[in-house]
Every structure is written in C-alpha cells, then in structure tokens.
Amino acid sequence: MAAVVVREPVDAVPRIVPVVTASGVRRRYGAGGTCVHALRGVSLDVRPGELTAVMGPSGSGKSTLMHILAGLDQPTEGHVTVAGVDITALNDAQLTKLRREHIGFIFQFFNLLPMLSAKENVLLPLSIAGEKPDRAWFDELTAKTGLTERLSHRPSELSGGQQQRVAIARALAMKPKVMLFDEPTSALDPEMVNEVLDVMTSLAREGMTMLVVTHEMGFARKAGDRVLFMADGEIVEDAPPEQFFTNPTSNRAKDFLSKILTH
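Yeah, the sequence shown ends on 263 if you go by my numbering, and it's all consecutive.
Mixed in with the good hints, there may be bad ones.
Stated by the list, open to error - Calculated cross-link-like contacts (lysine-lysine; reagent style BS3-like; alpha-carbon spacing at most 25 Å):
| # | residue 1 | residue 2 |
| --- | --- | --- |
| 1 | Lys177 | Lys132 |
| 2 | Lys177 | Lys222 |
| 3 | Lys119 | Lys97 |
| 4 | Lys144 | Lys132 |
| 5 | Lys222 | Lys259 |
| 6 | Lys222 | Lys254 |
| 7 | Lys175 | Lys254 |
| 8 | Lys144 | Lys119 |
| 9 | Lys144 | Lys177 |
| 10 | Lys175 | Lys132 |
| 11 | Lys97 | Lys132 |
| 12 | Lys132 | Lys222 |
| 13 | Lys175 | Lys144 |
| 14 | Lys132 | Lys119 |
| 15 | Lys222 | Lys97 |
| 16 | Lys144 | Lys259 |
| 17 | Lys97 | Lys175 |
Hint data in this document are derived by calculation from the structure and do not stem from the laboratory.
What you are looking at is a predicted structure, and each value in this text was computed from that prediction instead of being measured.
Construct the complete structure from the given sequences, taking the supplied hints into account.
Given below as structure tokens:
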C-alpha cells in the first residue's frame with residue numbers, strides 16, 4: 001500500500017497583524033432631532049510601519065475618529081483595538097496605561113507645560129510613569145527632532161515649530177507602537193510647517209506607524225503609504241497616494257481635490 005503523504009498547509013502571504021483596528025465604529029452626539037452622526041460605521045486596519053494620511057473636508061469626522069482610536073473618546077457602537085487590546089472594554093485607568101505604553105498623540109496645539117523647559121516637557125511622560133530616561137534614547141530622540149540646542153528653553157522662548165517638535169519628542173519618549181497626529185501643522189505659521197513635516201517624514205522613513213489628519217497634500221503624496229478620504233462620517237476612499245491624487249474613484253474626493261487644486 002502506497003504511503004500517504006500529508007502536506008502541511010502553506011500560507012502564501014504571511015498574515016500581518018494590524019497595530020490598530022476599528023470595526024463598525026459609530027459616534028453619535030445628542031439625541032432626537034439634535035443628534036449629530038459624527039461617524040457612521042467606520043472600519044479600518046492600520047498595518048505596522050505604515051503612514052496613513054487621513055483627509056477630508058471640515059466636519060467629515062477625521063478628528064472624532066482619531067480621538068476614538070486613541071481612547072480619548074468612546075464610540076457609540078463598534079470596537080477599536082490597539083496592540084491587540086480591545087480598548088472599548090477598558091476602564092479609565094486601563095485606558096490611561098495603554099495610551100502611555102502604546103500611543104503617541106499629537107494635537108493641533110502643543111499642550112506643553114509653560115513652566116517646564118523643553119527637556120522637562122519631553123521627559124514628562126516618563127516622570128509620570130515613574131521611569132528613568134534612557135540617556136542614549138533621549139539623545140537620539142532630541143537629535144532627530146532637532147531640539148538638542150533648545151532643551152533648556154521654556155515654551156515661550158520657542159517658535160511654534162519648535163514647540164510642536166517638543167510635543168512630538170514627548171509623544172515618542174515612551175516608544176509608542178503608533179503615532180496619531182491631528183492636523184499637527186494647522187496652528188503653525190507657513191514658514192514653520194516644513195520643519196515639522198520634515199520630522200514626520202523622517203519618522204515615516206524609519207518605519208514608525210502613523211495616522212496623520214492633514215491638509216498638506218505634498219506631505220501625503222511624498223511620505224504617505226495610503227490615503228483615507230472621509231466625508232459625512234464615512235471613509236469613502238482608501239487608496240495609495242499615487243492613485244488618490246491622480247484618479248480617485250469617489251466623486252466627493254474628486255470635488256475636494258478640485259477645489260484645493262484650483263485655489
């Protein structure tokens with residue numbers, strides 16, 4: 001009798017575990033006739049090392065999505081996981097711990113403590129966590145954000161671009177698995193925008209997983225791996241930058257781009 005050869009199944013493509021997932025996320029504010037549907041069933045996976053640019057008109061749900069992915073707001077329906085943990089099932093203390101360990105969040109405004117130096121602001125998350133800074137990592141961090149010569153300065157002594165770079169360094173201090181940026185250059189003067197975008201581009205090239213709400217089309221084209229376009233609380237386009245900026249499939253994305261490009 002011939003021997004039976006049992007072959008083990010072979011996965012042609014290894015499964016990549018997402019850093020962040022959202023599944024059927026809805027967010028409603030208010031009730032009845034005053035109810036606002038900020039998100040309408042958003043689902044997405046964020047893969048390791050990927051820079052995802054989130055674009056769309058004002059009021060499309062971009063910031064709401066970012067706050068929910070960071071655990072700063074709770075969805076009305078649906079689930080979010082970060083580093084494999086369902087954050088919608090966590091209490092406030094557990095959420096705080098998870099954010100500290102896994103998520104770096106950069107807001108439009110810098111949220112620096114004015115009485116602390118740049119160095120003290122960068123090290124603040126470590127101080128709160130009761131951890132001692134790794135000197136080699138701190139030196140690398142401040143060098144890559146261009147802050148080495150400005151560490152003794154307080155926020156009032158720094159430009160807007162420098163303050164945002166301090167905020168980025170502070171968010172990176174805990175070595176997060178994902179960085180979330182909510183329009184990080186919108187509060188900056190035009191001449192300061194590029195110095196922040198340069199830092200973000202450098203992080204992307206080093207493989208940092210990033211979601212960035214932005215209107216900076218050049219940055220999204222140059223540094224992005226993927227563009228999510230949102231409208232009316234939904235993701236209506238999910239495409240590589242080269243496709244999104246040249247041949248979007250959604251009419252709402254086409255309208256959005258045509259308005260920007262003609263101004």
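Here is how each hint holds up against the structure:
Among the hinted pairs, Lys177 with Lys132 is consistent with the structure: their alpha-carbon atoms are about 20 Å apart, no more than 25 Å. This hinted pair checks out: Lys177 and Lys222 have alpha carbons roughly 22 Å apart, not beyond 25 Å. A C-alpha spacing of about 23 Å is found between Lys119 and Lys97, which places the hinted pair at or below 25 Å, so the restraint holds. Restraint check: the Cα-Cα separation between Lys144 and Lys132 comes to about 20 Å, which is no more than 25 Å; the hinted pair holds.
For the hint pairing Lys222 with Lys259, the CA-to-CA distance comes to about 21 Å; that is within 25 Å, so the pair holds. A distance of roughly 20 Å separates the Cα atoms of Lys222 and Lys254; the hinted pair therefore holds under the 25 Å criterion. About 37 Å separates the Cα atoms of Lys175 and Lys254, which puts this hinted pair outside 25 Å; it is violated. Restraint check for Lys144 and Lys119: the C-alpha separation of about 14 Å stays at or below 25 Å, so the hint holds.
For a cut-off of 25 Å, the pair hint linking Lys144 to Lys177 stands: about 18 Å separates their Cα positions. The suggested pairing of Lys175 with Lys132 holds, with an alpha-carbon distance near 13 Å, which does not exceed 25 Å. Of the supplied pair hints, the one linking Lys97 and Lys132 holds, its CA atoms being roughly 17 Å apart against a limit of 25 Å. Between Lys132 and Lys222, the direct Cα distance comes to roughly 36 Å. Violation of the 25 Å bound is thereby established for this hinted pair.
Annotation: proposed proximity of Lys175 to Lys144 holds, straight-line Cα distance about 14 Å (limit 25 Å). The hinted pair formed by Lys132 and Lys119 meets the criterion: a straight-line CA distance of about 14 Å does not exceed 25 Å. Simply put, Lys222 and Lys97 have alpha-carbon atoms about 34 Å apart, too far for the 25 Å limit, and the pair is violated. For the suggested pair Lys144 and Lys259, the alpha carbons sit about 35 Å apart, so the restraint of at most 25 Å is broken.
Restraint check for Lys97 and Lys175: satisfied, since their Cα atoms lie roughly 14 Å apart, inside the 25 Å limit.
This entry does not satisfy hints 7, 12, 15, 16, going by the numbered hints stated previously.
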